[in-house]
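Chains A and B supply the protein sequences, listed in that same order.
Take 0 as the starting number for the first sequence in numbering that gives the first Met the number 0 and just add one per residue.
Take 0 as the starting number for the second sequence in numbering that gives the first Met the number 0 and just add one per residue.
Simulated from the structure, these hints should not be mistaken for lab results.
In this text, a Cβ means the ideal position worked out from N, Cα and C, and glycines have one as well.
Here are the simulated EDC-like pairs of lysine to aspartate or glutamate, each with C-alpha atoms no more than 16 angstroms apart in a straight line:
| # | chain 1 | residue 1 | chain 2 | residue 2 |
| --- | --- | --- | --- | --- |
| 1 | A | 202 | B | 183 |
| 2 | B | 90 | A | 228 |
| 3 | B | 90 | B | 156 |
| 4 | B | 240 | B | 156 |
| 5 | B | 90 | A | 227 |
From the derived model, a few chain A residues whose C-beta atoms are all more than 10 angstroms from chain B:
| # | residue |
| --- | --- |
| 6 | 28 |
| 7 | 69 |
| 8 | 90 |
| 9 | 135 |
Residues on chain A that point at chain B, a partial pick, calculated with CB under 8 angstroms:
| # | residue |
| --- | --- |
| 10 | 179 |
| 11 | 187 |
| 12 | 206 |
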Amino acid sequence: MPELAADSMLRDAATVVGKDLRLEWRSRVTLSQILPFALLVLILFAFALDPDRRILEEATPGLFWLAVLFSMLLAIQRAYAVETADGVIDALRLSDLDPAGIFLGKAAGIGLHLLVLEVALFAGVTVLYGATPRGYLLLVATMLLATAGLAAAGSLYGVLAAGLRVRDTLLPILMLPVVAPVLIAGTEAFSAAYAESSGDGWKWCGLLAAFSVLYLAIGIFAFEPLLEES
Amino acid sequence: MTSPPTGTGAGFMRLHPDGTASRGSRILGAVVLVSVVVFLFLALVASKPDESLDAQGQLVRIMYLHVPSAIACYTAFFVTAAASAMYLWKKTMGWDALAASSAEIGVIFVVITLLTGSIWGHTTWGTWWEWDPRLTSTALMFVMYLGYLALRRAIIDPVSRAKQSAVLGIIAIVNVPIVHFSVDWWRSLHQTATVASLDPKINGLRLLALFVGMIVALMLYVWLMMHRFRLAYAEAALEAKGLDLALAERRAEALADGGAVPASVEHEGVS
Chain A
0 MPELAADSML
10 RDAATVVGKD
20 LRLEWRSRVT
30 LSQILPFALL
40 VLILFAFALD
50 PDRRILEEAT
60 PGLFWLAVLF
70 SMLLAIQRAY
80 AVETADGVID
90 ALRLSDLDPA
100 GIFLGKAAGI
110 GLHLLVLEVA
120 LFAGVTVLYG
130 ATPRGYLLLV
140 ATMLLATAGL
150 AAAGSLYGVL
160 AAGLRVRDTL
170 LPILMLPVVA
180 PVLIAGTEAF
190 SAAYAESSGD
200 GWKWCGLLAA
210 FSVLYLAIGI
220 FAFEPLLEES
Chain B
0 MTSPPTGTGA
10 GFMRLHPDGT
20 ASRGSRILGA
30 VVLVSVVVFL
40 FLALVASKPD
50 ESLDAQGQLV
60 RIMYLHVPSA
70 IACYTAFFVT
80 AAASAMYLWK
90 KTMGWDALAA
100 SSAEIGVIFV
110 VITLLTGSIW
120 GHTTWGTWWE
130 WDPRLTSTAL
140 MFVMYLGYLA
150 LRRAIIDPVS
160 RAKQSAVLGI
170 IAIVNVPIVH
180 FSVDWWRSLH
190 QTATVASLDP
200 KINGLRLLAL
210 FVGMIVALML
220 YVWLMMHRFR
230 LAYAEAALEA
240 KGLDLALAER
250 RAEALADGGA
260 VPASVEHEGV
270 S
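Use the sequences and the hints to build the structure in full.
Below you can see the structure in the form of structure tokens.
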């Protein structure tokens, strides 16, 4: 019965995301390692772009999403490092959890971590680059939609690379070309949110929404064969 | 070990001890060779340079190579996706070999597309690289398929490799239009000056040269595929054979050492 299948999928997703959040609460890897890295990237951008010439403020939307993409790679690697160490992945396969549920759970976990990073990065660009947004609604919508897309794609590509000896070097080359549309759309929507009028910003949000829905759908169907072989 | 002189398998799947050529591939190879000569004559000698209003001049000749390689690379990646889907359905190594071979040849055609596009841009725009939507999304597609090939190299177990790359081969083709659309949209918003794009108006002999170029590129793709596919298939067969040989050797060692095969070895299968 489809209703029951969807119910158990969501329940399994909640189990997985609960486990991931507990793990983070106890280990604090994202808060103590990835978050400082993200803020460090913001400082490094200033060295590269000369803070006195107002380039930073103009480039804020792009730099923000670039910093998100770099930290995202670390977050995905972390999310699957906890699954592959000590043969845990076998336990996950044998756990009788719905693979689609595991996918959604991992995606939700990555997404929540990303949101925390984005809030910190937003505070960072506001303080360090002096950028003040005008359209807060557009800003928040962009963050939520882009995060959903990045988390779905990240959960999918993360399991693809998980368990391989070369996962750390393989993941960026697999993921970054794929999420290039998120970087483009996120940057454009943010530019609109930082500008006087929101202009085309909502159109780019539409693209982000389409990307998220597509990758959530692909992940729900493709996760099972990938999990079996990782 | 004595191997049968005629190889194993039949038809397209034939494994020949001497190489990957067959009667069919030799005939096609000869046809491709002749066609390349005809194509070069049409593209470089017979057709006139473009003297129309927004004249490309002699530069139009790059088109006869650029457009056909772009079409060949899209064909190749589409074949990779279709073969990947077939693998997930049929689970036979032939489909996996087909997907892998096609992706590899597709990457070669992408490189030709990017290089010719860049050379064209150098003369037209004055820079080796302009953020033209088509060139930019093609560059992203190039990296995407490098990633596909990198994944194939990274997984050792043949079944696991086939399955994972099949999923990636399908996702990759879904990505192509998304990336293309978003890059296109991105550039259309930022259009500063009207830059000439890579599509001159062509007719007559120029159209013929372009058309022959497309046919040659697709024939070349098929010819390369015949060889590359047979090689990939032979590699897969060798991989499986190597495993069997290693198992047989271990058994023989056990027999030589102790005389009897220990129960654990006898029952240990590799699945």
